[in-house]
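Model the full assembly from the supplied sequences, consistent with the hints where possible.
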Amino acid sequence: MEHITLLLAIVIVTALVFDFTNGFHDTANAMATTISTGALKPKTAVAMSAVLNLVGAFLSVEVAKTISGGIINENGLRTEVIFAALVGAILWNLLTWLVGLPSSSSHALFGGLIGAAVMSAGWSSVDGGTVVTKVLLPAVAAPVVAGLAALLATKLTYRIGGNIRNGAQEKATAKGYRAGQIASAGLVSLAHGTNDAQKTMGIITLALVTGGVLSPGSNPPVWVIVSAGVAIALGTYLGGWRIIRTMGSGLTDLKPPQGFAAQTSAATVILASSHLGFSLSTTQSCSGAVMGAGLGRRGGVVRWSTATRMFVAWGLTLPAAGLVGAGAEFLTKQGTWGVVLVAALLISGSGAIWVLSRRKPVGKDDVAPDGTPVTGDAEPAGVVTTAIAAVSPPPTAAQQDLKATIPAPAGPVADPARPATV
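Per this note's numbering, the sequence shown runs over residues 262 to 683.
Don't read these hints as lab results, they were simulated from the structure.
Beta carbons are placed, not taken as given, at the ideal position from N, Cα and C, and that holds for glycine.
Just to be clear, a hint being listed does not mean it is correct.
List of simulated lysine-lysine pairs, BS3-like, C-alpha gap at most 30 Å [what the hints assert, rightly or not]: (1) LYS621 x LYS302; (2) LYS302 x LYS416; (3) LYS304 x LYS436; (4) LYS304 x LYS621; (5) LYS625 x LYS436; (6) LYS436 x LYS416; (7) LYS302 x LYS625; (8) LYS304 x LYS594.
If you anchor each label on the Cβ, the simulated ranges turn out as follows [to be verified]: (9) PHE572 x ASN480: 28 to 38 Å; (10) VAL274 x TRP598: 15 to 25 Å; (11) ARG559 x VAL601: 55 to 65 Å; (12) ALA613 x PHE319: 16 to 26 Å; (13) TRP384 x GLY560: 34 to 44 Å; (14) PRO580 x LEU359: 12 to 22 Å; (15) ALA444 x LEU602: 26 to 36 Å; (16) VAL401 x LYS302: 29 to 39 Å; (17) ARG559 x GLY612: 42 to 52 Å; (18) LYS302 x LYS594: 47 to 57 Å; (19) ARG559 x TRP384: 25 to 35 Å; (20) VAL274 x PHE591: 15 to 25 Å.
See the structure below:
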């Protein structure tokens, strides 16, 4: 610790700030469906998620090692590069939080890191093979795998419970699924801490290597693990209500069985990737699972306009954060005044986004804890939803309300086959 310079201390603090934004940006991954179905109250949900994020930070360091010694060549890397990368990641996180889009904090970090490294030392400083195998491929595969798993799990769940007709049984079943949601949400929170807190551990470890405090290939020190876990837990407790609203009811309207299927599928994918050292996006995994669960219920509608905006944000995250990271690195290369200017731009940009967010604040009372959509009028079913629903169409409203719309006759009716007597 005695070898940490002022610049390195600034980088460590900035990394923890990113970790904090990661916490409130990605809280929706674990708790949005649990809140939207009424399984947990909003503040209870984020408090539970915060504690489990902290616990998850201590379970593994495989992802941290991928970041600190896999994506970027550590030899000759300047500490300012890490600072520039974090600036790009933080600003992109805050911007997507402002508009309520569940983009990937992980890809924002990777984009900023790659852009800053390329600006500093050229393309040779980036390990393209690691980027493809442990970042890009998981980014494509994770939401697809989680979505398919949630779709199949939802269909299976409704098929198994299809014979339940008694009202009391339906209430008991819904209560059981809500309890299952709480357990699966805890598993997602644990997985989020295991995967996402490690990204900040990896960045701080990389900064310590560039500053000469640690040797290349070192594991994160204990104080790095603890500080990263605490930062992401505090951010999680703050609650990213804007993104929770989008994930909970902006993509689709979820019932307890769907929420349970979505969260279990996402947690399985995230924990498996953490074990293998794949630094995937928990946001994309959970979003894919939510959409899969929405398509898995008969008559379920995925709001494709919101999903399309989300897909666009996913595609822009790496290059946008990379461009900001590269620009920040260009300034830090100019000397001390450049570092000061980048810090000032980060503070002023973050402050401006916060001021804009106060114009239309979103709090815990705006995330529809009873499952009621809060994003406006219902969106008509798209092509994909219609095609899936056509396989097993749900009963129409006219069929369900037939008895209610045809009133019973007020008095005795003569038999039409028997002529009336005079």
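Hint check:
With a C-alpha separation of about 22 Å, the suggested pairing of LYS621 with LYS302 holds against the 30 Å cut-off. In summary, the hint linking LYS302 to LYS416 is supported, as the alpha carbons are separated by about 27 Å, within the 30 Å threshold. Of the supplied pair hints, the one linking LYS304 and LYS436 holds, its CA atoms being roughly 20 Å apart against a limit of 30 Å. Pair hint LYS304 plus LYS621 holds up; C-alpha atoms about 20 Å apart against a cutoff of 30 Å.
Pair hint LYS625 plus LYS436 holds up; C-alpha atoms about 23 Å apart against a cutoff of 30 Å. Between LYS436 and LYS416 the alpha-carbon distance is near 19 Å, which keeps this suggested pair within the 30 Å criterion. For the suggested pair LYS302 and LYS625, the alpha carbons sit about 9 Å apart, so the restraint of at most 30 Å is met. Proposed proximity of LYS304 and LYS594 is contradicted: the alpha carbons are some 44 Å apart, above 30 Å.
Taking the beta carbon of each, PHE572 and ASN480 are about 36 Å apart, inside 28 to 38 Å as hinted. Range check, VAL274 to TRP598: about 20 Å between beta-carbon atoms, so the 15 to 25 Å window is met. Separated by about 59 Å at the C-beta atoms, ARG559 and VAL601 satisfy the suggested range of 55 to 65 Å. Under the hint 16 to 26 Å, the C-beta atoms of ALA613 and PHE319, about 36 Å apart, miss the expected range.
At roughly 50 Å, the beta-carbon separation of TRP384 and GLY560 lies outside the given 34 to 44 Å, and the hint is violated. Checked against the given bound of 12 to 22 Å, the beta carbons of PRO580 and LEU359, roughly 19 Å apart, stay inside it. Between ALA444 and LEU602 the C-beta distance comes to about 49 Å, which lies outside the given range of 26 to 36 Å. Evaluation of the 29 to 39 Å hint for VAL401 and LYS302 yields a pass: the beta carbon distance comes to about 36 Å.
Our hint of 42 to 52 Å for ARG559 and GLY612 holds, since their Cβ atoms are close to 48 Å apart. Our hint of 47 to 57 Å for LYS302 and LYS594 holds, since their Cβ atoms are close to 49 Å apart. Between ARG559 and TRP384 the beta carbon distance is about 50 Å. The supplied range of 25 to 35 Å is therefore violated. About 22 Å separates the C-beta atoms of VAL274 and PHE591, a value consistent with the hinted range of 15 to 25 Å.
Consistency with the previously given hints fails for numbers 8, 12, 13, 15, 19, ordered from lowest to highest.
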